[in-house]
Amino acid sequence: MIFYLKYFVIAYLLVVIQSNVFFKGVLKLFIVPDFVLVYIFWLTMENKENIAKYVGLFTGIFLDLLNPEKTFINTFSYFFSTLYIINIKNKFIGLNFTLKLLAIVLFSLIVSIPKTVYSFFLSNVSLNQSLSLIGFYVLYNAVIIYFIYYFTVFVLKRDEI
Amino acid sequence: MDNVKKRLIKLGIFFVSIVVIFVFLFSGKLKNISVDFIGVPSNFIYSIFHRLEEISSFFKDKKSLYQENEKLKKELEILKLENQKVFQLEKENEELRKVLQFKNQYMSAKIIVARVIAFSPDNWVNSFFIDVGSKDGVKEGDFVVAGGYLIGMVKSVGLNSSEVLSVNDENFKITVRTRKTGEICFYSGLGYKKGVLKYVRPEQDIRFSDIVETTILDMNRLEGIPVGIIKKISTKEGEFFKEVEVETFYYPYSLDYVIVVSR
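Residue numbers (the working numbering), protein chains in the order written: chain Z, 1 to 161; chain A, 1 to 263.
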């Protein structure tokens, strides 16, 4: 039980880090990188699919509870995209760096598009600014995955398949 | 037959879990508790950052002073440290003066000074967390003001922290009035530093550069707090209502102290 609990605690801490004033107050970032999404992706790549599913569900529920409005969109998009990414992963024997990048791009798009469409239906606000938000959001996640890849291959000297 | 039974049980479990998740998501109490889950660690991290900032500024000063003349070293160090302290105090003084000015202006209202400790982890939501909660008397629906302007409304209240929906968020909706002409309109957030007045009829007197402010019509809240300035008025062909764009004063990158105006 404690062994599995640590994955949820890490997810919780990542949400806390994501909401820190450091990103907006010090770095003045418009978009905050989605560490939780990258973490779920990493769990899937490390063959911890079941844990990834539950962490995805837990994070989605937690983010929805933190949303000022009563909503279910995070639970839906995180859980659905986790299932989708597990499905993609099972189609390949091993993912190389390019495939990993493509997978995280797809993962980010699956998470962000339902959210954008949902907020559009709620408020009828133009999609123009949301497009740039999606673009940079995907880019951020791809950059983080690149850093993780760089760290595991060049710093920890772990070989990729 | 057994297979059908198993499938039915699985289907039952699936529907029960969906119902449980929905009960979780739509219960107000859990929402308020979750605010504290972010608020408490964020407050802790914020105080550590603050302390680190103080220590780093101290060491920076020390390093630069080593390059100075040995005789002036001690004196300079003290002076520079004092100078920095004065600068910090001046900044804080300015912020508190604004708070006081606001307090004098709205004597009748109950005012709580709060600090911004975190922002929404979701990029699609424009909200932030403050370090005061129900223990300090904050209630759902209270206005939040910074620099004399309305920047948000309290949405969820935890014990020690609260979540504030900013005026830029698409879900922020209040009744407002224009300062010069007194026209009552419906305000909604639109995006970064932007809001919009909805359902403005053609005969309504809406003027460019007029200030949009809160009105008493909006659930007995404090009236006269500026929300934004009208920046664009246009009419679309074939549409009955006018399009009115408002520039708001919510700037998340320099938020420190805010005021909660309690009802």
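Some hints here could point you the wrong way.
From the structure, some residues in chain Z lie toward chain A, with a derived Cβ separation under 7 Å [claimed, not checked]:
hint	residue
1	I2
2	K6
3	N20
4	L27
5	L66
6	P68
7	T98
8	V117
9	S119
10	F121
Hints are computed from structural coordinates only; laboratory data are not their basis. Beta carbons are placed, not taken as given, at the ideal position from N, Cα and C, and that holds for glycine.
A quick look at each hint next to the structure:
Restraint check, Z:I2 versus chain A: the minimum CB separation of about 20 Å is more than 7 Å; hint violated. Interface hint at Z:K6: violated, since its Cβ lies 17 Å from the closest Cβ of chain A, which is beyond the 7 Å cut-off. At a threshold of 7 Å, the smallest CB-CB gap from Z:N20 to chain A is about 6 Å, leaving the interface hint in force. At about 9 Å, the closest approach between the beta carbon of Z:L27 and any beta carbon in chain A exceeds 7 Å, and the interface hint on this residue is violated.
The interface hint given for Z:L66 holds, since its Cβ lies 6 Å from the closest Cβ of chain A, which is under the 7 Å cut-off. For Z:P68, the suggested interface contact is upheld, since its CB lies about 4 Å from the closest CB of chain A, less than 7 Å. For Z:T98, the interface hint is violated, since its Cβ never comes within 7 Å of a Cβ in chain A; the closest pair sits about 26 Å apart. About 11 Å separates the beta-carbon of Z:V117 from the nearest beta-carbon of chain A, more than 7 Å, and the hint is not met.
Hint status for Z:S119: holds, given a least beta-carbon distance of 6 Å to chain A, under 7 Å. At about 11 Å, the closest approach between the beta carbon of Z:F121 and any beta carbon in chain A exceeds 7 Å, and the interface hint on this residue is violated.
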